[in-house]
Amino acid sequence: MNLFFISHIPVLIVVIPLCAAVLCPLLSRLSPSLGKRTVIVFLFVVFVLSLIQLAGIVQSGEAVHYYLGGWEPPYGVEFVIDGVNGIIIVLVSFIGAMTALFSSPFEEADKNAPFKSAGYYSILCFLVIGLLGIASTGDAFNLYVFMEIVALSGYGLIAIGEEKGPIAAFRYLLTGTIGASMYLLGIGFLYSATGTLNMADLAVRLQRVDNLPLIAIAMACLIVGFGIKMALFPLHGWQPAAHSYAHPAADPMIAGVMIKIPAYAMFRFFFCIFDSSLPMMKTIFNIIGIMAVLGILYGSLKALRYDKYNKILAYSSIGQVGYIALGFAIGNFYGIAGAVFHILSHAFMKTGLFYTSAAFKYRYGIHYTDRLGQVYRKMPVTCGALVVLALSMIGLPPFAGFFGKWYLALGAIQNGQYLYVAVLIISSLLSAIYFFRIFEKMFMGEKTVSEPAAPEEYYGYGKLTGKTEVPLQMLIPIVSAALMIIALGLGNSFIVNGILRTTIMEVL
Amino acid sequence: MIDIIETFLAEKGIYMMTFILMGLGIFGMVSSGNYMKKIMCMNIMQVSIIFFFLALGQKEHGTLPVVVENLLGADAYINPLPHALMLTAIVVSLGTTGVALALLMKIKEIYGSIEEEDITGKRWKK
Amino acid sequence: MTILSIKPFLAVVISLLAALLILFFGNNVRPNVREGITLSAAVIKAVLVFSMVPAVLAGNEYYFCLWEIVDGVELAFRTDAAGMIFACVASGLWIVTSVYSIGYMRGHHEKNQTGYFAAFAVCLSSTIGISFAANLLTFFIFYEMLTVATYPLVVHYRDDKARASGRKYLAYTLISGQLFFAAVAAVYVIYGTCEFKAGGFIDPGSVSTGLMLMLFLLMIGGGAVKAGIMPLHGWLPSAMVAPTPVSALLHAVAVVKAGAFCVLRVVCYVFGPEAAGWCGADKILAWFAVATILLSSFIAMRKDNLKARLAFSTIGQLSYIVLGISVLAPYSITGAMFHIVAHAFLKITLFMCAGAIYVTTGLSEISTMGGLAKKMPVTCACFGLASLGIAGLPLLAGFVSKFNIIRGALIAGKPLFVAVLVAAALLALSYLIPVVRVFFGKSDRSAEISGHAQTVGEKYGGHAGYNDAAPAMLIPIVITAVVSLVLGIMPDAGPHLYDLAVIAAESISGGGGAIV
Amino acid sequence: MNMDRNKDRKKIVGVFFVIAVVIGVFFLFPDLLPAVDDAKAPVHTYLSDYYIENSLEDTGAHNMVTAVLADYRGFDTLFETCVMFLAGVTALMVLSTTAKVTKPERSRKERLQISFGSTVLDIAFRIIVPVIVIYAFYVLVHGELSLGGGFQAGALLAIAYMIDRIIPSFNSSLGNLKEETAAVIAGVGVFIYILTGLLPMAGSGNFLEYGKLPFGADTAEQIRQLHGTGILLIEIGVVVCVMATIINILEVVLERTEFDD
Amino acid sequence: MLMSPILLEGAFLLLLIAITIVIIFGKDLLALTIIYCAFSFSAMILYILAGAADVAFTEAVIGVISTVYFIIAIKSISRRCK
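Chains as they are written, first to last, in the working numbering: chain A, 28 to 535; chain B, 4 to 129; chain C, -2 to 513; chain D, 643 to 903; chain E, 263 to 344.
Just chain A, same shape as in the assembly:
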């Protein structure tokens, strides 16, 4: 039996949650929370599959190719899974499963609106499918379709969010469509020059193309397209509102993973397809570097000004995405390894932090940090995880955030770009300021969290039960995010040397 399904794993990882998402409305018709449970179970199955796949890749050492529809690559669509996107698929499926589990208390399947939780779960599952698709596809146009799925489910999850959700979703829809169309335009140019859509084929045939202005314009379109999807600095207009008003249970997935996977796609295009000997690559990397530096400083400075917990996290995301772009701008092995490692570590950090934000909203309806006074007495586990995640965001050693910065700093020093090292230091000091300000408010502020006497002052999402700590389905993801941060931190050389080194070395 395992012979049958081992060779089909790459496509099963995308198809199994697809069946769950598509049948979710039907299943929840049969019994209220059946759709919800199938999505959670299928996502955990996919997580196990992705682990098996990663183990296979690490053992065999070379990439896995899967021809969809049985056609050889240039003619049909193919999946290519190597070290880098193998680990990213594990990341996406793990956080997807955790977020699905996390949102079950939010989406209690109530009789009078059976479709509400089914619709939410099918959109969330599509978000995970889209991200898995982007990470595993080896075809440029297929990437566009998956980006469209991610975008659409993003609009949906943001629109059913809090009071400014629809406006944020609409703005994201406009900018997201421009981003996707720019990406499509970029592919159009590359297609007109080479005639093929398969990424590996594209890389081979691009060397023979000597029409440099065309490639330059194609690169510009791709940078704008990925920049919008990644919320890189000048193109981040939609991001703060989208991340602070999205649906609280889906926010971790949106903020943590949705803006990281286009960064991986950017790596795939700018390192695997365009070979670095092109004359304008230097200028392209410098442009990305400048955008990254400005983004890091802008994100960290802006986050100081805000008091709404989600807004602080959203702006710090702009900074952290800047880290990833900085890693690509550096370009040597350490830079790329740092960027990919930062994708992993920041995904867990930001997802964990948004879990805690959702937990505060769920139990006490806290949106603003100065209402966090002494909340740690009521919710000790959540606040413990919050401390670990925040320290890792600042970049303190035993946690994963530090090692992301470590590799970036090594890469920057090797290239002699000392400005980047200075920016890394300044931004971690700025993030130290606003995270320790949150600690001060939480641990040393006067007590602002109190059990709501009458039900009507209760703004939390959950039902008014006696318990103070969040239910178990929410605790597991929070604690697992914190533990993963520690595990990633201490085990980072296994990931960077064991998994990423072979792939990145091929590319350089």
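Hints listed in this document are in silico derivations from the structure and should not be mistaken for laboratory results. Keep in mind that this is a model prediction, so the values were computed, not measured. Do not take every clue at face value.
One-sided and incomplete, this derived list gives chain E residues near chain B with beta-carbon spacing under 8 angstroms [unchecked claim]: (1) VAL284; (2) ILE285; (3) ILE286; (4) ASP290; (5) PHE301; (6) ALA312; (7) ALA315; (8) VAL317; (9) THR320.
Short derived list, chain B residues pointing at chain A, Cβ under 7 angstroms [what the hints assert, rightly or not]: (10) MET32; (11) VAL71; (12) VAL95; (13) LYS109.
Within a straight-line C-alpha distance of at most 25 angstroms, the following computed BS3-like cross-link-like pairs (lysine-lysine) qualify [to be verified]: (14) LYS820(D) with LYS143(A); (15) LYS820(D) with LYS742(D); (16) LYS111(B) with LYS649(D); (17) LYS111(B) with LYS143(A).
Built from N, CA and C at the ideal position, the CB exists for glycine as well.
Take the given structure of chain A and dock chains B, C, D and E to it, following the hints.
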């Protein structure tokens, strides 16, 4: 005279006008105050990109990409690949328009209007 | 010869486990279970550390490598001589400080003690981690853990003053930590390794003097902030806001000594005497140390608050160690290392006395403490003994280390430093002896003191006719005073700390002449 | 008022600026793109020749576009259908909290008599809807031979439903589909597509490999038939999904608008 | 044939650009929707000229559906626009 224009169009004219259309679509999205007009301009932008791909796939004297017995050889038919891609893009644009209109109705219900100024209170050009 | 054994790693992890247990059992269990965990962890750790001393004395080292944390660098612990000294001091004094802080906390009816003891334990684990770190990256990891662990201790009272001093503490330590991080990354990139090697793994000519000096200053910045060298000492006086056991821990056992130890590691084990000498870094460091010694002594004289005065005396004494290291002569390095030990025991006695006085009588200003000796004879006697030790009188630990530093400076031909050291000893007398004189002086104003003390005494549990401090506080004070006396007479008592210092100094300077 | 006038003036400036920029860029990069219809451009020489030459043998579909759409790049079309399904569910979720407009309940007799009062509309409606439905099925089945395919057929069916739904008060509407059921039907449609993809995996083929569909085929001719059936199956899935989604969005939007019919 | 396909394509593209400009400056949303329907129709003709019959078919159908959506949306939102 006609063929001068023809060669100009063939070389650059068609693409230039497509990109003008795209530019106007994006400008319309940015500049229009009303959200409904933004959606229309968004659709216009998507149509222009779809036509860009189709224009790429054109061939001199090529017929429709349906296999006919007596016509053989690749030069006789138009390139079918962009058409397949653009079917997807059109359907995506319909999906996006549907979601956008649903959002519009929700915004109208919350804010009472779909003008940029009423909602965010900032005019496009001060 | 290196012995592969898990002992060093166990020594580090023991108190981490204790911290987790304390946090886990925390408040819903009777207090003395929590104290029991702390004390047992302290005892186990001390036993582990001291069990390693004989092997290190015989010249071989324990080495334990966890796994490769970054390609080319392992998370590894090596117990060399210098690390051994610092670890012995830290683990030894941890037992004393825990007993003392249990008494203090009970006496003071402090709130949120679980947070206090957990942070205390994590602090100690990072201190031992710092002392046993085998390479620069592991060292940096535990160094930053120490910063984060001491922050909850500094802001223990959770009022505005504590919050302000916490912010100041963080500003200093985090900024210097990040610069240290940049320097560590640069060293790793340029030299490919960051394993500590006695005598330094940076050879003089490898990089331009400017770059090496910049690297040196960035690294020393990290250590200097914690060691309280003058321009970067701002956080230390303001950290006096914390309860006394924390100040004792900060100033005698953990944070400040870690700073000095960092300077030692950087100068002797990363750059090494030749490289530091070649790029002229040691002269800069020496002059900073001299300035700090003199300035802090003058400030200390004017401070009326007892704890503030002791804080500035710490800043001065720490610069002794930095001066000893920057002289780069084998004797002065031995003296500097032994001064870590001496100053630890002496300063902790002084702080504990100050804490005992505060808890029992509620007095913190020196001027109000007239005639205290009649009521608290033992505390004041120990205070007197320790202050003589700090001043460097013979027969006390302070003398041995100062004598060696002066000896090193003389042989290395730097008479100016000798003059500074002697002047500093006199200055130390000038700001500690008046306090002792006040204690044993007339108690004419003791009448209205007792009135004030009476109200404060009740609040802090001492009854009106207060007598000497509670036994839980008195015993640690007496122990540390006696130990400093014993170390003064026979530096090699107990775990042979002096021989360790000599071995370390030899290994650093490549086997110079050793004194008996 | 002059505020609108200067806003328009700014727009005019903007429009001319955009046109000028595009023209400028095109004259700056002369040979950026291949001429519109020269057959030797790289676009036409590489992949499209393969598709043109052996799409008939591989997939048995005369219409090359359907061959590429459904067979060579069937995976794209699967996720394109998912985009449609997702759009329907998202529109439903967004407006699920908005109150529906309750129309006055009309008795059966009232609904029987034709109330929009214009015979042209009524007669035209009676003729158009059946023709559209038949044409839609023709387009669906005829997908491989000539133009047509899943999307067009689904959209046509949706239009037939739309005509019936929008011309109110005629009682023989094809049935008013509640939007939740429409979303469920769309889900089932996509699931049909996925099933046709999963079936070949049982017979050691890859996902969506119609040649390996387990309907027993050995000669090359029968494999081409299999490809044909595979394409037809996914076209059915696409039709169901597209129709249901368009109806879903229509219902969602229609239910919440005030129509004074 | 009087006008070769390329010239027709150029003409229709000009028509599309004109429609876009009208939409940008238009004020009455219902009128704009009808013009948008015209836009979709002429885009369909453009696709036929470019030889893409399939895409033209889909564009025609989807143009109709989008126009109906727009009209319904306008009915429930507002006809005038600033």
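Status of each hint after checking the structure:
no.: 1; hint: VAL284; result: violated, 11 angstroms
no.: 2; hint: ILE285; result: holds, 6 angstroms
no.: 3; hint: ILE286; result: holds, 5 angstroms
no.: 4; hint: ASP290; result: violated, 11 angstroms
no.: 5; hint: PHE301; result: holds, 7 angstroms
no.: 6; hint: ALA312; result: holds, 4 angstroms
no.: 7; hint: ALA315; result: holds, 5 angstroms
no.: 8; hint: VAL317; result: holds, 5 angstroms
no.: 9; hint: THR320; result: holds, 5 angstroms
no.: 10; hint: MET32; result: holds, 6 angstroms
no.: 11; hint: VAL71; result: violated, 22 angstroms
no.: 12; hint: VAL95; result: holds, 5 angstroms
no.: 13; hint: LYS109; result: holds, 4 angstroms
no.: 14; hint: LYS820(D) with LYS143(A); result: holds, 15 angstroms
no.: 15; hint: LYS820(D) with LYS742(D); result: holds, 12 angstroms
no.: 16; hint: LYS111(B) with LYS649(D); result: holds, 24 angstroms
no.: 17; hint: LYS111(B) with LYS143(A); result: holds, 21 angstroms
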